[in-house]
Every structure is written in C-alpha cells, then in structure tokens.
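K.L.:
Residue numbers (full-length UniProt numbering), protein chains in the order written: chain P, 1 to 464; chain B, 1 to 246.
Just so you know, the hints here were simulated from the structure itself, not pulled from any lab data.
Errors might be hidden in some of the hints.
Claimed, not checked - Pulled from the structure, derived: some chain P residues nowhere near chain B, Cβ distances all over 12 angstroms:
#, residue
1, R53
2, P248
3, R278
4, V384
To be verified - Heads up, incomplete: computed chain P residues facing chain B, CB under 8 angstroms, no partners named:
#, residue
5, L19
6, A89
7, A92
8, I172
9, V321
10, F356
11, M399
12, K400
We treat Cβ as the ideally placed atom computed from N, Cα and C, and that holds for glycine.
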Amino acid sequence: MHNEHIIPTDHATAAEVFLQDEERANWHDKALWFIREKRDVATKQIPDWELLRETASQIKQNVLGNLDNYLEQFEQNALQNGIKVHWAADAAEHNQIVLNIIQQHGIQKLVKSKSMLTEECHLNDYLLENGIDVIDTDLGERVVQLAKEPPSHIVLPCIHKRKEEVGELFHIHLGTEKGASDPAYLTEAARQHLREKFLTSDLAITGVNFAIAETGGFVVCTNEGNADMGAHLAKVHIACMGIEKIIPKAENLGVFLRLLARSATGQPITTYSSHFHRPAKGQEMHLVLVDNGRSVQLGRKDFYNSLKCIRCGACINTCPVYRRSGGHSYHYAISGPIGAILAPNMDMRKNADLPFASTLCGSCTNVCPVKIDIHNQLYKWRQVLGEEGYVPATKKQSMKAMGSLLANPTLYRIAGKSGRTMMRLLPGLANNKAMNPWAKQRDMPAPPKESFRDWYLKNKKQHD
Amino acid sequence: MKVGLFIPCYVDQFYPQVAIATLQLLEKLGLDVDYPLNQTCCGQPMANSGFEKYAKGCDALFTKNFAQYDYIVSPSGSCVLHVKEHLHDDKNPAEAKHIQSRIYELCEFLTDILQIKDLDARFPHKVGFHISCHGQRGLHLSQMSELVAEDFSKPGYLLNMVKDLELIPLNRKDECCGFGGTFCVSEEAVSVKMGKDRVQDHLQHQAEYITGGDMSCLMHLEGILRRQKSPVKVVHIAEILNGSYA
Numbered sequence: 001m002h003n004e005h006i007i008p009t010d011h012a013t014a015a016e017v018f019l020q021d022e023e024r025a026n027w028h029d030k031a032l033w034f035i036r037e038k039r040d041v042a043t044k045q046i047p048d049w050e051l052l053r054e055t056a057s058q059i060k061q062n063v064l065g066n067l068d069n070y071l072e073q074f075e076q077n078a079l080q081n082g083i084k085v086h087w088a089a090d091a092a093e094h095n096q097i098v099l100n101i102i103q104q105h106g107i108q109k110l111v112k113s114k115s116m117l118t119e120e121c122h123l124n125d126y127l128l129e130n131g132i133d134v135i136d137t138d139l140g141e142r143v144v145q146l147a148k149e150p151p152s153h154i155v156l157p158c159i160h161k162r163k164e165e166v167g168e169l170f171h172i173h174l175g176t177e178k179g180a181s182d183p184a185y186l187t188e189a190a191r192q193h194l195r196e197k198f199l200t201s202d203l204a205i206t207g208v209n210f211a212i213a214e215t216g217g218f219v220v221c222t223n224e225g226n227a228d229m230g231a232h233l234a235k236v237h238i239a240c241m242g243i244e245k246i247i248p249k250a251e252n253l254g255v256f257l258r259l260l261a262r263s264a265t266g267q268p269i270t271t272y273s274s275h276f277h278r279p280a281k282g283q284e285m286h287l288v289l290v291d292n293g294r295s296v297q298l299g300r301k302d303f304y305n306s307l308k309c310i311r312c313g314a315c316i317n318t319c320p321v322y323r324r325s326g327g328h329s330y331h332y333a334i335s336g337p338i339g340a341i342l343a344p345n346m347d348m349r350k351n352a353d354l355p356f357a358s359t360l361c362g363s364c365t366n367v368c369p370v371k372i373d374i375h376n377q378l379y380k381w382r383q384v385l386g387e388e389g390y391v392p393a394t395k396k397q398s399m400k401a402m403g404s405l406l407a408n409p410t411l412y413r414i415a416g417k418s419g420r421t422m423m424r425l426l427p428g429l430a431n432n433k434a435m436n437p438w439a440k441q442r443d444m445p446a447p448p449k450e451s452f453r454d455w456y457l458k459n460k461k462q463h464d
Numbered sequence: 001m002k003v004g005l006f007i008p009c010y011v012d013q014f015y016p017q018v019a020i021a022t023l024q025l026l027e028k029l030g031l032d033v034d035y036p037l038n039q040t041c042c043g044q045p046m047a048n049s050g051f052e053k054y055a056k057g058c059d060a061l062f063t064k065n066f067a068q069y070d071y072i073v074s075p076s077g078s079c080v081l082h083v084k085e086h087l088h089d090d091k092n093p094a095e096a097k098h099i100q101s102r103i104y105e106l107c108e109f110l111t112d113i114l115q116i117k118d119l120d121a122r123f124p125h126k127v128g129f130h131i132s133c134h135g136q137r138g139l140h141l142s143q144m145s146e147l148v149a150e151d152f153s154k155p156g157y158l159l160n161m162v163k164d165l166e167l168i169p170l171n172r173k174d175e176c177c178g179f180g181g182t183f184c185v186s187e188e189a190v191s192v193k194m195g196k197d198r199v200q201d202h203l204q205h206q207a208e209y210i211t212g213g214d215m216s217c218l219m220h221l222e223g224i225l226r227r228q229k230s231p232v233k234v235v236h237i238a239e240i241l242n243g244s245y246a
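Work the whole structure out from these sequences, hints included.
P.N.:
Here you go:
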C-alpha cells in the first residue's frame, strides 16, 4: 500500500515540490508552530521542567547501559504474568511472528492502534500481501491509510492534510456528505465506522510506549482510547515494541508520562495512559520485542543515545525545516530531526541526504525531553557519510578544493579579489538563476572594491 | 590584554565595513587589537558538509594565526562556535585548546569580558534583531525560547545602550532564518522559504533595519529583501554599536 506513494528522490527535491503550494506550506508551518507554542506554555506550568528532562535522560542512560539485563528481567516478569513473549531480530522476523499468531487463530481482519515500530517494519503492507485486512484505528492513521499514504508525523500522522481533503476521503470511503469538512461531523463518522471494526475484530495490535522491567507490564498512551477499545474487545492482543522502550521501574512513569504529552502536544498527560500487565480471562496477550538495527545503533558511540527517544515528536514540531518541507520529504517512517539521525543507521546510502536536511539550528536538541543532542548527531552523521563515501562526489571534490584554497592565504586573496572583480564586471553571471542556486530567489551581495585586509593595509598598518 | 581580530572570510571579502566597525569599536574601548594578515576561514563550510578532514589546513592556519593572543574576537557567532567546538590541530593541541577557551563573539566579549556599561552610539530607527542560531543555542547569547530559564539577552543589553534605537518585538524571537551554510544552496527552496518567513516577521512589526551578529544570516535575508524590492536594510550589530553605519 505504501509503495503506491512514491517519494520523489531526495529531501531537497521533495521539499521543493511541497513548497510549490506556498499557502499550504504556510498553513502546515503555523499548525505545527501552534503545537510548539502549546508545548512551551505547558513546560512552564510545572516546576523543574529542565530537571525532569535531565532525570529522564539519566534513567534512559542507565537503561541503555544495561539493556540486556533489563530486557531479561522484563521478559521473565512478563512471562510470569502470562504474556507470551517473542523476540525479533529484524523487521522481517517481526512481521513473520505477527502473521503466525494471526494465522494460528484463523483471523482475516484486525484492528491496530498507533505504532511507529510497525510503520518502521512495514507491517501493514506485509499483512495485506498475506491476505489480512488491517484497520488503523487512530483517526489520523485511518485518514492516511484511506489515502494510501504513510504517516507524515509520528504523533500527528495526517498533519499534512486539510480538513477539506479529509472530508473528500471520508465521502469516498465512509459515505459522508460530499463537500462536508466540519471536524465534529467527520470525527463522528469515523467513530461510527471504527466502532463497527472494533466490535467485529478478533485481534488487536498495539504499540508500546513504556515497558517496565520490574513488573513485566507495559503502558500504551493514546488520546482516543483506540488502543484500549481494540485490546479489550479482541480475543488476542499483540503489542509490538522496540527493545529500547524499557524503563526499570513503575515509578519512572512519574517522570516519563509527565514529559511525554507536554512535549508532544502541550497536554498535561495523554487522555489514556493504559497499563497492561496480563491477559484478561479467555484472552491471549503477545509481546514482540524487536531489535531491527537498535543494537547496531547502541554500539555507535556518537549515536547510541538516539535510542533514548520516547517518540514525542517535539523535535519535529519545532524543526523549521520539517515545518516547511513536510514529513513525506524525509522518506523514512520517522520524519524530522530524530528520523534523520535514526535513518542512516538503517541504510546509509538511501538516507544519506537526511542529516543534511537541517541548518543545525539546534532547536530540536533544546526541546527533546530526554536530552538527545540531535543537532550534534546530525553533524556527526555528516562526517560518517563523508568518510564512508555517501556524499555526492561533486560536493566532495568542491569541498576538497575549497579546503586547499582556504588553507593558503595567498590563493584565498587572489580568488577573493578575482571573484569580486568578476561579480562587479559581470553581475549577470553571478545573478544567473540557472547557474547559481543562491540567485534563484535572492540577490547577490554587492561586491566591494577592496577587502577588509586591503583597507587595513592602507589605513592601519602604516600607523603601527 | 592583546586581542586578535578574526574576520570571517566572507566578511573580509563582501562586508569590509563590518570588520572596520568591529576594529574601530574595540579600539575605541581602549584595546590593543591585532589583525593577523594571513587569516582566511574557520573551516566550517567543509566540516558542515561532512568533510572535517578537508578543514585541517584551515585549522592549522587558524592555530598559527591566533595562538599568541589573550583573546580572539570576531563579529560572527557561527564562526566562533565552529572554532570552539571543532578546531583540531594534531601538531599543536595546546595552542588549539588555548584558542578555543579564549575566542569570543563580539557581543559576549563586550558584555562578559569588557563588561561595558555604556556606549557612544545613536541609531534613530526601528530595528529588528535577528538572533543567529549558533550564537543563540551554541554560545547562549540570549535566553532560548525552548528552555525554561531566566530571560536575558547580551545583544539586547548592548542595543539598549544605543540612543534613539527602537527594538521591535518579533512573533518568533529565535526561529532560524534558513541560511545554514551550504544548506542555502543544497536546500535552496526550504532555505528561501525560511528566510522569507523571517523577513515577514520583521516587516510585520515595521522594522526599518534588521540587525544581527552574523553577516551570513543577514546576507541571506538581505538577498531576499533586495529581490522583494523592499526598502528595509540589513546592518551588522557592530556597525550600530560603533555608530559608524552610513
């Protein structure tokens, strides 16, 4: 399904396409900035926000340093609780495990609440290919599912769609009135549509926000209660999680639940923070623990702490590049700055453009509730990609030449002077839109006759 | 106190008046300022493109030029941050370290080291201040909008000393302008859109001038203003503080 939505080449090209509709880009930017501002207000309403971030970061630091132990402790407690635990080394194994459980129960359709892990593993595509009907029950995810698109944001999957576009999709798929775009009306239609799906599904898949080592239980956070509706009504519940979702103790939730929703949307807490410990009577509960590149990332000294991420999306909302390029331009399940430091770990060649889709402004690092130094990691990924040969050869050659030129003061001065002279004599060349991308939408600076150094030699040096 | 003046390459070549203002301002404040004649660039363009290794020549040259000074001062937060975070010189590591601990962006040098209390400058205009990201989030020149912390602004403190200058408010006080070094051409569409949005915020609040601590960001905003045929001008903060803007 996702394959039908082909993303044009790299981030810069996709962003250019996104920006062709400037009015939409303005609206997208404002919608996300509104959430960023809501987050700012929420962070100021509780004492010691910065201390809370530091605490969360340190708890996760401990988790990542002892992940093997915590995972074993978690598994043992989960098994004791009666949860069936599965381990998947990669996306393919994860998908196979999920399919096996489904087929063992002879199930043809299921409901799924939001899980970025299953997006990362392309589970929906895989299940569809195997004849299983998957209904995404998060409203935003249902919208993009009907549109045959991947989510463009990890918390707000259809933030790139206007209500009129949602109205059109619902008219086609759910039979709402043509032209209707009232959010209350559309939401009610979706609610009725999904209710029928919940009631008739024998299996529910959910994600996991936090898995607690000491209890063997896990927490799923939603605003719509759709994870609960699915999991409580179905005979089988499969929860899928990345292995980094572990926290040591239940009391740590007091830190993470306070950070998560405030960072994500500016809410004090998600409407539903549901704690699952064991299957209900007559029910079956499965948990799939997925590595899929995480232990490789854990071994990267400069990048391991990206695994602290709790998927709040704050870095995405604040990113001035994301707001003006849209989530699909990142061509990876997780978009924005955090996606740009996770994606190269999965495939450097395919995702080599993403660490460059940033001005390194650093706002992402400042909003991160677990203090991942995102912008520093973007810089460091650029070095890795340069070293490993994933930066275009033309860029490499020009940087090499520039480096040599700037290491030589005489050459630098000759180049500077001749460059300025050229610009003065042939302004049309410098302002040529086809040859100089700067000049497409910007004027070039007016070149002065003399450099500062020239001026200094003339006016200052003689007085020394 | 011996001060070495570091003028970024693009300022040397395109905005000599900014360098002149910086030099004059420091000299007016009674400092003994040297301009090492063989300086070029901090190496940031190569490093930010993923090629720190091609910046090694720049790094060695930088160390050679500036190791002898008590303080190194520059009218650019971005170049200063790059030196602070990424200057490597395998042959002279102690000298490189000395430079990293002694290099200052102009505004923070005035407020933190010289601790100036007043200035002889007048600028009777409505001015929008663009805080560049590397100065803001790298050097902490003012309170960052993302953090819960006390409000302060080093450049704002200095601009408040300028007679008749009216500092306008902005809707987004520290949003990136989209220059981003090579980003400005490799992601041309996003870069320009970010710049247009920044310009709009200043225009909406009736700025006559946009000032800032980094000429690179201002060059980008200026390019957009000129293309839009806007009468609004850009001016580096050094020119305002020096009272030399013509």
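K.L.:
When you look at the beta carbon of P:V384, is every beta carbon of chain B farther off than 12 angstroms?
P.N.:
violated (8 angstroms)
K.L.:
Let's test the interface hint: is any C-beta of chain B closer than 8 angstroms to that of P:K400?
P.N.:
holds (5 angstroms)
K.L.:
Under 8 angstroms, Cβ to Cβ, is where P:A89 needs to be relative to chain B, so tell me if that hint holds or is violated.
P.N.:
violated (30 angstroms)
K.L.:
Beyond 12 angstroms from every chain B Cβ: check whether that's true for P:R278.
P.N.:
Correct as stated: the minimum Cβ-Cβ distance to chain B is 39 angstroms, above 12 angstroms.
K.L.:
Holds or violated: the hint that P:V321 contacts chain B, with Cβ atoms closer than 8 angstroms.
P.N.:
Status holds, d = 6 angstroms.
K.L.:
Double-check P:M399 for me: the hint is only fine if its C-beta lies closer than 8 angstroms to a C-beta in chain B.
P.N.:
Result: holds, 5 angstroms to nearest chain B Cβ.
K.L.:
P:L19 was flagged as interface toward chain B. Is the shortest Cβ-Cβ separation under 8 angstroms?
P.N.:
holds (5 angstroms)
K.L.:
Does the claim that P:P248 lies off the interface hold, with its Cβ farther than 12 angstroms from every Cβ of chain B?
P.N.:
Label holds. Min Cβ-Cβ 26 angstroms, cutoff 12 angstroms.
K.L.:
Measuring Cβ to Cβ, find out whether P:R53 lies farther than 12 angstroms from everything in chain B.
P.N.:
violated (9 angstroms)
K.L.:
Was the hint right that P:I172 lines chain B, CB cutoff 8 angstroms?
P.N.:
violated (32 angstroms)
K.L.:
Please check whether P:F356 passes as an interface residue: C-beta within 8 angstroms of a C-beta belonging to chain B.
P.N.:
Given a least distance of 6 angstroms, the restraint on P:F356 holds.
K.L.:
Regarding the hint that P:A92 lies at the interface with chain B, is the smallest CB-CB distance below 8 angstroms?
P.N.:
This hint is violated: P:A92 lies away from chain B, its Cβ roughly 31 angstroms from the closest one there, beyond 8 angstroms.
Hints 1, 4, 6, 7 and 8 from the list above are not met by this structure, while the remaining hints are.
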